[in-house]
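Number of protein chains: 2
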Amino acid sequence: MYIIMDKIKIGIIGYGNLGKSVEHGLRQNDDMELVGIFTRREAKSIKTLTGAQVFHIDDAKNMVDKIDVMVLCGGSMTDIPEQGPFFAEMFNTVDGYDTHAKIPQYYEAVNNKSLKGKKTSIISSGWDPGMFSINRLYAEAILPRGNTDTFWGKGVSQGHSDAIRRVSGVKDAKQYTIPIESAIEAAKRGEALDLTSRERHRRVCYVVAEDGADKNKIEDEIKNMPNYFADYDTEVHFISEAELEKNHRGLPHGGMVIRHGVTGLDNENNHTIEYKIDLESNPDFTANVIIAFARAAYRLNKEGSYGAKTVVDIAPAYLSRLSAEEIRKNII
Amino acid sequence: MYIIMDKIKIGIIGYGNLGKSVEHGLRQNDDMELVGIFTRREAKSIKTLTGAQVFHIDDAKNMVDKIDVMVLCGGSMTDIPEQGPFFAEMFNTVDGYDTHAKIPQYYEAVNNKSLKGKKTSIISSGWDPGMFSINRLYAEAILPRGNTDTFWGKGVSQGHSDAIRRVSGVKDAKQYTIPIESAIEAAKRGEALDLTSRERHRRVCYVVAEDGADKNKIEDEIKNMPNYFADYDTEVHFISEAELEKNHRGLPHGGMVIRHGVTGLDNENNHTIEYKIDLESNPDFTANVIIAFARAAYRLNKEGSYGAKTVVDIAPAYLSRLSAEEIRKNII
Chain A
11 MYIIMDKIKI
21 GIIGYGNLGK
31 SVEHGLRQND
41 DMELVGIFTR
51 REAKSIKTLT
61 GAQVFHIDDA
71 KNMVDKIDVM
81 VLCGGSMTDI
91 PEQGPFFAEM
101 FNTVDGYDTH
111 AKIPQYYEAV
121 NNKSLKGKKT
131 SIISSGWDPG
141 MFSINRLYAE
151 AILPRGNTDT
161 FWGKGVSQGH
171 SDAIRRVSGV
181 KDAKQYTIPI
191 ESAIEAAKRG
201 EALDLTSRER
211 HRRVCYVVAE
221 DGADKNKIED
231 EIKNMPNYFA
241 DYDTEVHFIS
251 EAELEKNHRG
261 LPHGGMVIRH
271 GVTGLDNENN
281 HTIEYKIDLE
291 SNPDFTANVI
301 IAFARAAYRL
311 NKEGSYGAKT
321 VVDIAPAYLS
331 RLSAEEIRKN
341 II
Chain B
11 MYIIMDKIKI
21 GIIGYGNLGK
31 SVEHGLRQND
41 DMELVGIFTR
51 REAKSIKTLT
61 GAQVFHIDDA
71 KNMVDKIDVM
81 VLCGGSMTDI
91 PEQGPFFAEM
101 FNTVDGYDTH
111 AKIPQYYEAV
121 NNKSLKGKKT
131 SIISSGWDPG
141 MFSINRLYAE
151 AILPRGNTDT
161 FWGKGVSQGH
171 SDAIRRVSGV
181 KDAKQYTIPI
191 ESAIEAAKRG
201 EALDLTSRER
211 HRRVCYVVAE
221 DGADKNKIED
231 EIKNMPNYFA
241 DYDTEVHFIS
251 EAELEKNHRG
261 LPHGGMVIRH
271 GVTGLDNENN
281 HTIEYKIDLE
291 SNPDFTANVI
301 IAFARAAYRL
311 NKEGSYGAKT
321 VVDIAPAYLS
331 RLSAEEIRKN
341 II
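In the order they appear, the protein sequences are chains A and B.
The numbering of the first sequence is this note's numbering, which starts it at 11 and goes up by one.
The numbering of the second sequence is this note's numbering, which starts it at 11 and goes up by one.
If you're looking for bench data, these hints aren't it; they were derived computationally from the structure.
Among the clues, some could well be false.
Intra- or inter-copy, both count: the list cannot distinguish identical chains.
Taking lysine to aspartate or glutamate and the DMTMM-like style, the derived pairs with C-alpha atoms no more than 25 angstroms apart in a straight line are [claimed, not checked]:
#: 1; residue 1: K57; residue 2: D276
#: 2; residue 1: K198; residue 2: E278
#: 3; residue 1: K339; residue 2: D89
#: 4; residue 1: K164; residue 2: D276
Make the full structure from the sequences, and use the hints.
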């Protein structure tokens, strides 16, 4: 007997790096199918990686019956804060909203709309926020007496690369965030609590200067940029456009969550929990996390669990294609 | 305004290493209180680490109104398979049942009884099964194209230590399981799939021989013991009883779950997810995981979610003392 399961029908809003990674990431999950990509640009102007159909974003509201989960792939700065609540009332949604400080208010905005529409929205998935949040929560619950530290990198920070590109005389740039080994070791011993930003991460910049630009001035401006670089030891390397293209084209990233805690009658036993990721493509990995949570959103909505949720509100089993029986037999 | 919250009332069945670790682990969680420890031995004969009350195990059934969650700390070989279903009908329970191959049938037995009693039972928590199971599931859901490997150690295997102690002429022994570095590195590259047991872990034994025992014969018998040692490179070191007591008294353990997976249009991007723990006390850490899941069992039962569950059926937030608002503000 064959059981023909309906595939989960996915829509993608926004066709930048993340949208493209969701597009091909979906091909790894044969319980899902991509209905289309929605963009603010002219649909005809876009050629997709996999031949997926493209629609104008204004057409999404006419396709509520054709899409089970809408994946929001716009930017966290301006796109998602507006699109999240807007689409949450008509679709189940998943996003990777990553402005940590504004997550509480974003949650409220999405929750109101998704409850109203009897939809399910999972916000702030990806890896940080996302898998790192999950690991911070588990680790703190297991080792209540302890300290948690998060490190990022080695990897490309898009925000810092963009900041360098805004410096006058800079043609292009890539910035790598690199965790400092001695800080990681201190975190494993529970001794990183008082370390400064400078002691935790360093920043390495590869900069293509415009012809005739004052490199000393550029370097000085980068190193003293508040918030982005002033609090870190920053290296600036000037390279050619060809070298940037050849050696720094990718978007690798990674990082780790470390918790050290103590147990025992007199706190005599030390324990370290470490969750570490090493990624050749930041957008691909982020997309794959979001896709797994799209499966969860679909299932939760079928069960009548409406409203906005964060990643820690979702039982891990909802992310897996495996049945409960298979999980008990092969995973537990 | 003060809100006086009722503490979660905990009982412990079994007072071995794990029961003792749960006893003092509970003191790290001030939303819980220990009602008592239940034993098959004569209650009066037991002096507890923290002054906790001791009852005979037969008295548990008269205390169903006094205990919110019963933590089962007996052995997985004979105690838990019997006690799990028995207590699941009268109490919410949590256990660390770790006979992987029998988890499906144990689940069924517990589920039938806990549904009947409208109780909630979380089975096979701890770290493997437990946190490692959770991490295997997440990692496979995120990277569907990939391989997962689990390594154990460096740490003391109680089962292997016991096996050595059963060899004629052996007075006492400790066995350390040690993962092989080259296998870990291969796993991070996704190339460990075909490695044999011997290529993944090695075993180091510290043995106290009885006076006049034939050490060559003991060493030979250990190294050729089927299932336990024959498939591994095993070192046997004979040491004095004093040295064993001085240097090998603890129960450290640890291990890691590694998943390598690929993404991209042509599987061109490599990713590695690693969850690693390093524990000075195996029973303390196991107890702390179980305690966090006891909190979840209590909450799920209050919500009317009855029956047996495994760790992947529980949303991470149920393990934490933090409120949903605090989690969104500080953890996500």
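Could you tell me which of the hints above the structure violates, numbers in ascending order?
-> The structure conflicts with no hint, since it agrees with every one listed earlier.
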